[in-house]
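Just so you know, the protein sequences line up as chains P and S, in that order.
Heads up: the first sequence is residues 1 to 116, going by my numbering.
Heads up: the second sequence is residues 1001 to 1111, going by my numbering.
Derived by calculation from the structure, the hints in this document are not laboratory data.
Here the structure is a predicted model, which means the values were calculated and not measured.
Where a beta carbon is used, it is the ideal one built from N, C-alpha and C, also for glycine.
Misleading hints may appear alongside valid ones.
[Unchecked claim] Cβ-to-Cβ under 10 Å is the rule here; a few derived chain S residues that face chain P:
| no. | residue |
| --- | --- |
| 1 | Pro1008 |
| 2 | Lys1041 |
| 3 | Thr1044 |
| 4 | Lys1056 |
| 5 | Ser1108 |
[Claimed, not checked] Calculated pairs, DSSO-like style, for lysine-lysine (alpha carbon to alpha carbon, straight line, at most 30 Å):
| no. | chain 1 | residue 1 | chain 2 | residue 2 |
| --- | --- | --- | --- | --- |
| 6 | S | Lys1057 | S | Lys1037 |
| 7 | S | Lys1003 | S | Lys1068 |
| 8 | P | Lys13 | S | Lys1040 |
| 9 | S | Lys1057 | S | Lys1003 |
| 10 | P | Lys13 | S | Lys1041 |
| 11 | S | Lys1056 | S | Lys1037 |
Each chain, letter by letter, is given below.
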Amino acid sequence: ETGVTQSPTHLIKTRGQQVTLRCSSQSGHNTVSWYQQALGQGPQFIFQYYREEENGRGNFPPRFSGLQFPNYSSELNVNALELDDSALYLCASSPGLAGAVLDEQFFGPGTRLTVL
Amino acid sequence: EDKVVQSPLSLVVHEGDTVTLNCSYEVTNFRSLLWYKQEKKAPTFLFMLTSSGIEKKSGRLSSILDKKELFSILNITATQTGDSAVYLCAVGGPYGQNFVFGPGTRLSVLP
């Protein structure tokens, strides 16, 4: 148990819809990162937030957006869903600003999104 | 473009065997290399390596980094069925914003 939770566990949407995924980090963890993991592949970095500000972004289009809240929770929003968005979405939190402290990321159990 | 390659992609062994998993990388600014074990969903942390030549051990697992040749290995001795999982290698840059993951090695340990 890493103390990082995600909701919902599973989600089915249709193409063109919008979705919001949620993550609750460990208390005191100021950094949260989101990853997309397609079946049979390693996680791909979407973006990272530190103290409610975006702190880095991977190669994902603007329809992937996020928010981080003062209570250590965060959201991943995806607009105009496409079939290729079907994947496991993982969030990971770490105590400090990654880069200032060499600490590992603690992953949540993920949300499995299926787009039909 | 930053890249992490793992080999083999899949491996089947019997209990008691020793396995070596490989991870090579090309990243612009290396800071750390991490190994994770992923059984169902959440990857669980195994090791973080930042310095060459220093072996990290945890029970039957060990790992070492070679920053000159840009690779790391993860060894598992006396494998057990509970070691069956996908093992992920990730490399982080200087500011930690972007951990690049490899595709993983799927290890199956048969009784």
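Here's how the hints hold up against the structure:
At a threshold of 10 Å, the smallest CB-CB gap from Pro1008 of chain S to chain P is about 14 Å, leaving the interface hint violated. Annotation: Lys1041 of chain S was flagged as interfacial toward chain P, and the flag holds, the nearest CB pair being 4 Å apart, inside 10 Å. A cut of 10 Å between beta carbons decides the hint on Thr1044 of chain S: the least distance to chain P is about 7 Å, and the hint holds. The interface hint given for Lys1056 of chain S is broken, as the beta carbon of that residue sits about 12 Å from the closest beta carbon of chain P, more than 10 Å.
Hint status for Ser1108 of chain S: violated, given a least beta-carbon distance of 14 Å to chain P, over 10 Å. Under the criterion of a C-alpha separation no larger than 30 Å, the hint pairing Lys1057 of chain S with Lys1037 of chain S is consistent with the structure, at around 15 Å. Between Lys1003 of chain S and Lys1068 of chain S the alpha-carbon distance is near 16 Å, which keeps this suggested pair within the 30 Å criterion. Our distance criterion of 30 Å between C-alpha atoms is met by Lys13 of chain P and Lys1040 of chain S, whose separation comes to about 22 Å.
As the CA atoms of Lys1057 of chain S and Lys1003 of chain S are separated by approximately 26 Å, the hinted pair is consistent with the 30 Å bound. Our distance criterion of 30 Å between C-alpha atoms is met by Lys13 of chain P and Lys1041 of chain S, whose separation comes to about 20 Å. Taking the CA atoms of Lys1056 of chain S and Lys1037 of chain S, the gap is near 15 Å; set against the 30 Å cutoff, the hint holds.
Hint compliance for this structure: hints 1, 4 and 5 are not met, and every other hint is.
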